[in-house]
Each structure stands twice: as C-alpha cells, then as structure tokens.
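Novice: What follows is each chain in one-letter form.
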Amino acid sequence: MSEEITRRDALGKVVRGTVLLGFAGGAGYLVKKANGQIVWQVDAAKCVNSRLGEVGAQVCTLCTSECVVSQSAVRAVNNFSKCGRCYICPAYYNIKSAVDEKGLPSEKLCPRDAIERKPIGLIDPEDPANNFYEYIIDEEKCDGCGICVKGCKEPLGLGSIVLKVRYNLCVDCNRCAIASACPKDAIAQEQVKEALEIEGAAKPVT
Amino acid sequence: MKYKQVQVISGKGDASDRFVQTLRSIAVDGRNRLYAVGDSELKIFDPDGRVQRRWPTSKPGYAVAVAADGSVYVGQAGQVEIFDGEGRLADRWSDAERLGRVTAIGFLGSSVLIGDANDRAIRRYETGGKFLNNIGKNNRMQGFLIPNGVLDFSVDADGIIHAANPGKHRVERYTPEDHLLGHIGRFDGLDPSGFSGCCNPTNVTVVGRNRIYVTEKAEPRAKVYDFQGKLLSVIATVVFDPNCKNMDIAVDTRGRVYVADTVRLEILAFEEDAQP
Amino acid sequence: MKSIKLTWRSVVVLLALVLLGLTLASKAPGQAMHYERPVETAPQPEAIGGGYVTPEVQKPQPRQYWLQVLDVVLLAAAMGISVWLVLSQRSRKWVLALTVACLAYFGFYREGCICPIGSIQNVALALADPGYSIPIVVTAIFFLPLLVALFFGRAFCGGVCPLGAIQELVVLKPVQVPRRLDNALGLLKYVYLALAILLAVKPAISRDFVICRFDPFVGFFRREGFAHMMLFGGGFLVLGMFVGRPYCRYLCPYGGLLSWCTRLAKRGVTITPSTELDCGLCAEACPYGAIEKMRAVRKECFYCARCYAACPRETKSGAAI
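Each protein sequence line maps, in turn, to chains A, B and C. If you count the first sequence from 1, position 200 lands on 200 in our numbering, and the numbers rise without skipping. To convert a position in the second sequence, counted from 1, into our numbering, add 1000. To convert a position in the third sequence, counted from 1, into our numbering, add 2000.
The hints are simulated quantities; they were obtained by calculation from the structure and are not laboratory data. A few of these clues could be false.
[Said to hold, decoys possible] Think about it this way: if two alpha-carbon atoms lie no more than 20 Å apart in a straight line, the pair counts; the simulated DMTMM-like pairs of lysine to aspartate or glutamate are:
no.	chain 1	residue 1	chain 2	residue 2
1	A	Lys33	C	Asp2129
2	C	Lys2059	A	Asp143
3	A	Lys108	B	Glu1086
4	C	Lys2059	A	Glu107
5	C	Lys2293	A	Asp143
6	A	Lys118	A	Glu107
7	A	Lys118	C	Glu2056
Pulled out of the complex, with its shape left as it was, chain A reads as follows:
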C-alpha cells in the first residue's frame, strides 16, 4: 500500500516537473518573442471611406455602429501636414448643397458639427477667400461615422482625414467587433508605436 502511494507520489512529482518545464519553455518562448503591447488600428489604405479606387460606395459607418461599447473609439483625424487648407473644404462643406450669398456652400457635412474651421497664417480681413483655413476635428463630438473621411478622399480632397482608433477611449478588446465586421478587413492589430502613426493621404491600391 505504502509503496503504491510513494510510486504515485513520485510519478506525480515527475509529471509535475515535466509540466513545469513545459510551462517554463512555453513562457520563455513567448516572453522572448514579446514585442510590447498590440492595439487595434484602422489601415487607411484599406478602409472604404479613404482608400483610392473605391468609387460611388456609400459611406461606411460600421466603425461607429459595430462596437460592443456604446461609443466606439474610432475618430476622424485630420493629418494637418497633408491637409490642403482650402477655402472650401469638401469634408467640411456639403459641396452639393446650394451656394449661399457669401459664395460658400450652405450646408455642412458633419452631422455632429464636430469640425471647426478657422483661418490661419496671414489673415486677410477683407476677403475671406484669401486665407488658408485649418480644419480641426473635435474628438468629443466626433463619433467616427466616416462622412468627412469620405468627403476628404482623393480625388475630391487630399485624403488627409482618416479614421483612427483613439487609445484613450478604446477598451482594447481581445476580439474587436468592428474588426470582424469590417468589409475590407481594414482593422488589424499593430504595435503601439506603429499604430500611433497618422498617415493620411491613403496609399494607392495595388
């Protein structure tokens, strides 16, 4: 009887030791491979709202509607260095709306009025058309619906506005519902450093 217990004990020890070794090996391999935190990010070159070549498609609002949390973390971000600073911005204005008495379109595109338009540089007080304008998106009002992204897309605009995941808002789910729903598989996991880069001006589709 006692021999059996001892043998079982010994066997248990051996198996436990082996399992521990296995754990150590697995954990060691994984730790060695570890490369920092990974987060979800939108690839502007694939996103329907910003990728070149997608003509006539409707605005894709899945980035804001699919998230399991009530307010998704996707926002429209304007890469200022790539923005044209135009007097009439096709992402700010609805260029298909009637022109008002000032010569500007009468309607704005953003349903939440999240874009602020202000003149920059050497401001001409007499002729507003003589100024460059900065378009700043307020991320508290923006919900990532993508309408302005579509308006900025080449060739209508310069493609400086893209949809991006904002990490102060994203829960960072292991399984991103938006990523699963995206028709172009534009949302993937990236290293934090790469994910924080804002490109704008979507790369060509090849």
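Position chains B and C relative to chain A; hints supplied.
Specialist: Then chains B and C, alone, in the frame of chain A:
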C-alpha cells in the same frame, strides 16, 4: 454646343504607343500632331492617333509644349529639357531657386513661361534662359492655390496669360508684367457652369480670343467657356475614370479637343457635334 | 469515459481538418488599378506664412504599462490570499470578501479584460504563428493561475476570476447534479477549448476569438452591451441560482486546463478519513459537486470554503476537512 467623342489614343500597356504608369501632359503643334509626356518618355502621335516618334526624357515629364520653331520643351522636376523636332537634346535649364516641379510651359513672343508648382508661380524667361519676372506671386497668398500640385496656364492670341487658380475656383488673366486683369468662374457644386469641389479647375488651355477650355476633377469633366465666363459646353463628363485628377487638355487647329485621362493613361479626342 | 473522450476528440479533429481545408482554399483578391498621386501638394508652413506652424496630431497613448503590471501583481496576490484563506484560515467569510473585492476590481473596474480564459486564444496563436507575439503581461496572466493550480488547485477559480465570482454570488438553491451528467457536461469544456484554439490560430481574416465573443458576463462588467449579450449573461446568472457555476463547470476552457493541472497538485482541500464523521454535511454544502463519496474531488473544487463552514468538527487548527 455639343461634343462627341471621336477617338481614343494610347492607353495603359507596354506597347510603344502606350503608357505604363503615368500620363501627365499633352500639347498640340501647328501641324496637329499630339505630344504626350508620361513615364519618362515623350510620344508624338500623328493626327490619326498612331505613334510617330518617341524618345526618353531624363526624368519623368510633367509638362510639354511645342514652340513656334518646332522645338519641344519638356518640364520635369527641377528642370526643363528642350529637344529639337527629332528628339535630340538641345538645352537643359535648371534653376534651383525657380524651377521646382514644372507643370506647365507656354510661349509669349520671345519669352518662355514656366509654371513652377512648388513655388506656385509662373516664371518668365527669355528664350536664352535669362529670368525676367514672376507672374501670379504678387498677392496675399504669395502664389496660386494649387492643393492638387499642378499649376496650369495658357497664353491667348493677344498675349494674355490665363492661369487656373483652383483654390479660388477661377481662371485668372495676367499680363506678362504680372498685372491681374480679371478672372472668370466661381464656386458652385450644383450648377455645371461653376467649379465644384475644393479646387477646380485643374487645367486650362486657351484658344484664339474667345475660348477657355478647362478640366476638373472629382466628377472629372471638360468644359469650354468664353472669355466673359459664360459656359458654352460641357464637353464630356462620364467618359473619364472617376479617379482622374489634373487632366491636361489641348486643342488643335481643327478645334479637336484632346483630354488626357490620367488613370487609364489614354487621350480622348472630342469634336463638335454638327448635329443639333 | 475514455471511449467517450476518444470519439469527441476524433470529431473535433475532423472539424479541424475541414476548417483548415476551407481556409487554405480561400485566395487573395486580384490586382486593382495603380493610382499615382503627386507628392507634397499640401501647402507648407512657409507658404501659409504669418508664423504658422503645422499643429501636431494628437496621439493618445493606451493604458500605462505599470498599471498593466499592477494587474498581474494583484492577480498573483489575490490567488495567494485565496490559497491562504481556504487552506490555512478556512474562513468562508473572508473568502466571500475576497470574491466581492475581486469582482469589483477585475470584474467591474477592469471590465473583465485581460482575463486568463481569453488569453488561451492569444497564447495558442502566439505559439502557432511566428509573426504574432503577445505582451509579457498576457503570458503572465495565462501561466500564473496554471502554476498555482499545479501546486494548490483552482485557487484562481476561488473568488479571483470575475466570471466565477459573479456566479458565486448568485448561488441560491443549488441542485446536486447527477455524477454521470456532470461528467458528460464537463466534456463540453474540452470541446469549447479545442474550438477556441482552432478558431484562434487561423489567419487574421478568418480568425475569431470565440471565448471573448461569447463571454456571458462582459456585458454586466461594462454596464452596457447589446440586448442579446445582456440576455445571454442574465440567463447564465438565473441558471446559476440553481445550478452552481454552470459556466465554470461545463464551459470554461481555462477550467479544463486548470482541472488537469489540479490533478498534479499536492495541496488542496482534503477530507481526512481518520477524522471525518461521515455525516455528509460538507458534500451537501458543496454546490459544485467537489465532494464525492466523502472524498474531495480537487479538480472540481472551486475554493469557496463552504465545506469548511458546514463541517461540525471544523476548528482553526485542523479538522476533518
């Protein structure tokens, strides 16, 4: 006035008459031959659309123009190359301060006008290469507003320079001494006689004393106005690839309008439709 | 038992082969047009003038690293406390307190994420795909509870795991599930585990982390969710009032791994034959079927300490149990 499409010249491909990656500028000479620059090559098409001659340029070409004596000017990034009619390089102008990306070339008497897209101004040079003055830079914006990256202009029969200012949705008229005489055009997203989007028209060519031909992007189209700014005709709209931008336009002595489709890399030819 | 397992296994393997075949058969889309765009066409600050400087685009950072490390430390600490409370202190009251505390922190504050159950998928993918790597924190979260299980059993399940904790708190009138049914249902864990791993190691386009997708309680932890998610979780909680911890016993894939490690554990809840009274009060008190024939079935034991509370001979120094 209505126009009908009569021909499609060139296209995308590897053959000698086709372009591989880019088609950026077209021009017509006095004998109605069509000159087109794209990739790093210049191709000359006869009036029937067959490639007659072609030669390489040292850098990708952004602009082409044919002088009265038959020499061919090709604008590139940082330089202008001047070829004779057979393709031999006669001269190369480079000016680190004044020649960035040359997107348009025109002639006015004995001067050569060169459009610099980097500095957003037109440079006026003597035929020998001596710089005379800038055009279009003496304003609050310090140049033309060209977010599309192409500065295009054309010289009319009276020596007035018509330059497209897309950021302001108009075509402006300048004297060679840089006096702004006036402009035509206004923004309008709904009315076809206006210029839509953020920056239109992208390209312009002027014929005689009363015709301004322009092309636009984002719903690409080619239109023709008179000098008072009245829209005479929408030459074509849906036949272009919807992603076209900066389509160059040229008109020959027969009134045939050529437009370069920058995505499909083909040149579409239109003629006035005689039928009412 | 062995024959049932083999048949399940072969079914799962067949499924896996079919899935593999399907994923290999899907091809990438064809070539599209090449669109050339001019460079640097946006106005530069010099062109804009007036002392204008291009503003920086905001780059908000994700959760700070030291906070993630803190989570791992707290996890280890909570498991240590669980072991101590159950095996040394044998206090049901304090185990309950730990359960509530862990539910509050790991459940409602951290919203149940990152959890070791879901980390199975990430670890499997990281082992299978050379291009995919996981942060060290995730590796730690996966291995720590297994390590503890190798020596002490399912201390993680004992009030630390927020999914377990929330079910633990709704146990009302638990039925004793018949042994054979309990064992049969318990096999579902392994099916779920296999399915989860198979779907996790697929290429990114067809990958699906089902454990996260079908997590019943994440809607409660986030205090929001789609209606069907909340109903699903609510259903589990209602069931949990009458069947002790249904998710943990029959579905949790990590529980499958933990129970295998627990078989090798030396320490754990023990009923000493020489001192036990054969009264059966502990077996009645255990809602999880972890006491069978007056012996503790350690691989089922969720470290809840109800048995200690029920034992009439229970004293701090040592007892029947």
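Novice: Compare the structure with each hint and give your call.
Specialist: Tested hints:
no. : hint                    : verdict
1   : A:Lys33 with C:Asp2129  : holds (11 Å)
2   : C:Lys2059 with A:Asp143 : holds (17 Å)
3   : A:Lys108 with B:Glu1086 : violated (54 Å)
4   : C:Lys2059 with A:Glu107 : violated (30 Å)
5   : C:Lys2293 with A:Asp143 : violated (59 Å)
6   : A:Lys118 with A:Glu107  : holds (17 Å)
7   : A:Lys118 with C:Glu2056 : holds (16 Å)
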